[in-house]
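**Student:** Protein chains in written order, with the numbering used here: chain A, 1 to 452; chain B, 1 to 343.
These aren't lab readings, by the way, just hints derived from the structure by calculation. Where hints are given, some of them may not hold.
[Said to hold, decoys possible] DSSO-like mimics (lysine-lysine), calculated; alpha carbons at most 30 Å apart, straight line:
hint, chain 1, residue 1, chain 2, residue 2
1, B, Lys-224, A, Lys-343
2, A, Lys-439, B, Lys-138
3, B, Lys-138, A, Lys-94
4, B, Lys-303, B, Lys-293
5, B, Lys-197, A, Lys-360
6, A, Lys-343, B, Lys-232
7, B, Lys-259, B, Lys-293
8, B, Lys-293, A, Lys-158
9, A, Lys-360, B, Lys-203
10, B, Lys-291, B, Lys-259
11, A, Lys-227, B, Lys-42
12, B, Lys-197, A, Lys-358
13, B, Lys-170, A, Lys-230
14, A, Lys-227, B, Lys-197
15, A, Lys-439, B, Lys-203
16, B, Lys-303, B, Lys-291
17, B, Lys-224, A, Lys-94
18, B, Lys-259, A, Lys-358
19, B, Lys-203, A, Lys-358
20, A, Lys-148, B, Lys-232
21, B, Lys-295, A, Lys-343
22, B, Lys-143, A, Lys-148
23, B, Lys-138, A, Lys-230
24, B, Lys-42, B, Lys-138
25, A, Lys-94, B, Lys-259
26, B, Lys-259, B, Lys-232
27, A, Lys-230, B, Lys-197
28, A, Lys-439, B, Lys-207
29, B, Lys-207, A, Lys-360
30, B, Lys-72, B, Lys-259
31, A, Lys-439, B, Lys-232
32, B, Lys-293, A, Lys-230
33, A, Lys-148, B, Lys-42
34, B, Lys-138, A, Lys-148
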Amino acid sequence: MSQDTSRPGRLLRAPESFLSNDFVKTVNKDGLDEQRRDWMRKAFTAAAAGVAGIGAVRAADPGFIGDPNILELPPWTTSLGLPVAHRGYGMPAKYEMNLMRRESPGLASVAQASVAFTPLQGLFGIITPSGLHFERHHQGWVEIDPSKHRLMINGLVKTPKVYTMDDLMRLPQVSRIHFIECGANTAMEWGNVAVPTVQYTHGMLSCSEYTGVLLSTLLEDCGIDLKRAKYLLAEGADGSSMTRTIGIERALDDAMVAFGSNGEMIRPENGYPLRLVVPGVQGVSWVKWLRRLEVGDQRYGAKDETSGYADLMPDGMLREYSSIQEAKSVITSPSGGQTLLDKGYYNVTGLAWSGRGKVKRVDVSFDGGNQWQTARLETPILSKALTRFNIGWVWNGEPAILQSRVIDDTGFVQPTYGQLRAVRGTRSVYHNNAIQSWKVAASGEVSNVQIS
Amino acid sequence: MSRSADRCMRMLVAVVLAWCASAASAGGYPGIGRAATQAEIKAWDIDVRPDFVGLPPGSGSVADGEMLWIEKCSSCHGDFGDANHVFPPLIGNTTLQDIETGRVAALKEGGTTRTTIMKMPTVSTLWDFIHRAMPWDKPKSLKPDEVYAVLAYLLNLAEIVPADFVLSEKTMAYAQSRMPNRNGMTRDHGMWDIDGKPDTANKACMKNCRPTVEVSSALPDFAKAAHGELLKQNREYGAIRGTRTMPETKDEAVEEVSKVPTAPLTANGCLGCHGIEGKIIGPGFQQVADKYKGKADEAEYLKGRIRNGGAGTWGDVAMPPMAQLSDADLDLIVRWLIDGAPR
């Protein structure tokens, strides 16, 4: 191994470093024959796998002639490509299969009542690819025949009605970008650090462009009794037929029944063909496979608003109907479980969001919260949607602690763990929106830490 | 009513219904949706509110409930609702004192497993949920009397009702008056209203905010690999690499070809109970393959066990019969098992 590999943060050498001095000299003298080409390929394969042990020449060295990736035209440059519609439904490149939805081992003993987390560590922008949207099911997911799906609205309405998908897709349509975050996102971190990467700390978070019909449109169509209506019960068509109470203010504001997501029909794991979208409110209220809405004058006390999704406070009281996802942010790269390649420049990037409105500002600290700089926000900056932030950073090889802190347009500043625990203790499970810390070691390894 | 009068009446009803339906959509969106029938509403409007609106009449005793429980519920929840191997325990950690006060003391003290009955303020919720979602693999199969019975058994386990109790729509209020955590819920917080008051009020300090920074919690080394090889959970090019958490293997780059019959195993819920290598609720497929390796009638035997279900070989939890499995899928799964159930 070259001495460079033992330098702080020098995880990988430049590819050309994997050619030996002797090899380069031979090539200079005799040119590249087939055998030497083969040698070079092997050296690069080994380099790509991070296991090379050949003596190194650097680009700056006098014997360096050039990168074989440039000198040797690769097969994709020297062959005929594939035809159109080779894949009727396109897929990511085969090199991208490391970024998958994944379960956190030990979180649930049955996969039908578990969570698969979104790999935030590798995503860009604000839209979550539909196939990487996080999953949380209560009794498994189902694939509903849309021609047999019905939405019923009953209760305090003039005319209880039934809508088919044909009906719903004829009504006035809206398309809006919103984040969805499970109330239990970051739950495992209330007491102490428990999981290694941002996928598991914050991956019950996704953001999509939803297309559907505003709830207000449907409720007015049924003749909602606005004098008596205070709550809405939403109910799923799956085996669990999960129910949640929605406040009528939320329902009539910007809530919608969505069939579209990111330009296509919503995916089965996320409620195909119809899910409730309640912007700013925790994901459990966004009832999937939505079959029924009941307008009522009392809260419904559903299983997932009593024994679950109630926040245990230090005095032993359970906060019920805690719904809004308050402002929160996290740096997604560099983040826990990653290792920096080398000293030098990095684009530090992350996500910020608020269930109460828009992101106004994001500050980033590289020293555990002593000094802060304001990050650049990417557009669009939308209400109750993820907002992407970026900030440049030159890593000098010294240990560092990275943090981000969002301020939303209500003026609310994301809390520290100390501030949050002072009110809620460490056992409340839900609604952990504390500032996340990532420690960068001298080796370049980034890990999940909490600071005091 | 005579036939002609009957027909006349029906026509009248039809006309009135048609008029109602058209009136319903006479608002902004003609031709969209239709009025729900009473039968349709009855079929789907199954929710039971804390004030018992929606609770159907019926009854069930603790004794009846115990029999149903053992048959339909205990494999996941344990004979006494205290099992922890599939779901968090339902019953336990409440006291007679809690039933008096309506506050579960253990919730304040902490340090104990939080059972469902510790948190649950409303008996209506238990009735509603058992009725709509249980049993786990056959939701909505329990009749109202059976729901009353199963719930009576649970309430008796929690000492809320006596052993000779009969739970009915008339005695639900009594059970409610003794729910151990009925006074343990609060709505005093700012997280229901969009403009509610937050719990915290951090300030956006920019300079010299925290002169000393100490790490108070970090992931111990032994836990780093608990989530698998992080190198393989990040791109292998770009600004960073995933941190290596597992020992290097020689042919890491070579992707194994999956032979697991994922489609039928997923479609029939097999993977909910069986891991490929190890036990989840039932044995791992490779454990099954090992056990019956070389058995003379292995294929027929495995097909029979999968088709008909059973219990006792691997533990007390019964495997439900897989009658719905097609012959082709059954063949595929059994051939894979005979091959040793490779990944």
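**Student:** Next step is simple, just say for each hint if it's right about the structure.
**Tutor:** Against the structure, the hints come out as follows:
1. The suggested pairing of Lys-224/B with Lys-343/A holds, with an alpha-carbon distance near 24 Å, which does not exceed 30 Å.
2. The straight-line distance between the Cα atoms of Lys-439/A and Lys-138/B is roughly 48 Å, outside the 30 Å bound, and the hint therefore fails.
3. Distance check on the hinted pair: Lys-138/B and Lys-94/A sit about 39 Å apart at the alpha-carbon level, beyond 30 Å; violated.
4. For a cut-off of 30 Å, the pair hint linking Lys-303/B to Lys-293/B stands: about 14 Å separates their Cα positions.
5. Our distance criterion of 30 Å between C-alpha atoms is met by Lys-197/B and Lys-360/A, whose separation comes to about 18 Å.
6. Under the criterion of a C-alpha separation no larger than 30 Å, the hint pairing Lys-343/A with Lys-232/B is consistent with the structure, at around 23 Å.
7. Taking the CA atoms of Lys-259/B and Lys-293/B, the gap is near 18 Å; set against the 30 Å cutoff, the hint holds.
8. The straight-line distance between the Cα atoms of Lys-293/B and Lys-158/A is roughly 66 Å, outside the 30 Å bound, and the hint therefore fails.
9. Between the alpha carbons of Lys-360/A and Lys-203/B the distance comes to roughly 14 Å, so the proposed pair stays at or under 30 Å and holds.
10. For the proposed pair Lys-291/B and Lys-259/B, the alpha carbon gap of about 20 Å is at most 30 Å, so the pair holds.
11. Only pairs whose Cα atoms come within 30 Å are accepted, and Lys-227/A paired with Lys-42/B is accepted, the gap being roughly 25 Å.
12. Our distance criterion of 30 Å between C-alpha atoms is met by Lys-197/B and Lys-358/A, whose separation comes to about 17 Å.
13. The straight-line distance between the Cα atoms of Lys-170/B and Lys-230/A is roughly 28 Å, inside the 30 Å bound, and the hint therefore holds.
14. Our distance criterion of 30 Å between C-alpha atoms is met by Lys-227/A and Lys-197/B, whose separation comes to about 26 Å.
15. With a CA separation close to 23 Å, the supplied pair Lys-439/A and Lys-203/B stays within the 30 Å bound.
16. For a cut-off of 30 Å, the pair hint linking Lys-303/B to Lys-291/B stands: about 15 Å separates their Cα positions.
17. Under the criterion of a C-alpha separation no larger than 30 Å, the hint pairing Lys-224/B with Lys-94/A is consistent with the structure, at around 27 Å.
18. For the proposed pair Lys-259/B and Lys-358/A, the alpha carbon gap of about 48 Å is over 30 Å, so the pair is violated.
19. Of the supplied pair hints, the one linking Lys-203/B and Lys-358/A holds, its CA atoms being roughly 18 Å apart against a limit of 30 Å.
20. As the CA atoms of Lys-148/A and Lys-232/B are separated by approximately 41 Å, the hinted pair breaks the 30 Å bound.
21. Taken as a hint, the Lys-295/B and Lys-343/A pair is broken in the structure, with Cα atoms around 60 Å apart against an allowance of 30 Å.
22. The suggested pairing of Lys-143/B with Lys-148/A holds, with an alpha-carbon distance near 25 Å, which does not exceed 30 Å.
23. At roughly 33 Å between alpha-carbon atoms, Lys-138/B and Lys-230/A are farther apart than 30 Å, so this suggested pair is violated.
24. Distance restraint check for Lys-42/B and Lys-138/B: the Cα-Cα separation of roughly 20 Å lies within the 30 Å cut-off, and the hinted pair is therefore satisfied.
25. With a C-alpha separation of about 19 Å, the suggested pair Lys-94/A and Lys-259/B falls inside the 30 Å cut-off, and the hint holds.
26. For the suggested pair Lys-259/B and Lys-232/B, the alpha carbons sit about 21 Å apart, so the restraint of at most 30 Å is met.
27. Between Lys-230/A and Lys-197/B the alpha-carbon distance is near 21 Å, which keeps this suggested pair within the 30 Å criterion.
28. For the suggested pair Lys-439/A and Lys-207/B, the alpha carbons sit about 20 Å apart, so the restraint of at most 30 Å is met.
29. Distance hint between Lys-207/B and Lys-360/A is fulfilled; the C-alpha atoms sit about 19 Å from each other, no more than 30 Å.
30. Taking the CA atoms of Lys-72/B and Lys-259/B, the gap is about 34 Å. The hint is violated against a cut of 30 Å.
31. Pair hint Lys-439/A plus Lys-232/B holds up; C-alpha atoms about 21 Å apart against a cutoff of 30 Å.
32. Of the pairs offered as hints, the one joining Lys-293/B and Lys-230/A is violated, with about 63 Å between alpha carbons and a cut-off of 30 Å exceeded.
33. Taken as a hint, the Lys-148/A and Lys-42/B pair is honoured in the structure, with Cα atoms around 18 Å apart against an allowance of 30 Å.
34. Pair hint Lys-138/B plus Lys-148/A holds up; C-alpha atoms about 21 Å apart against a cutoff of 30 Å.
Hints 2, 3, 8, 18, 20, 21, 23, 30, 32 from the list above are not met by this structure, while the remaining hints are.
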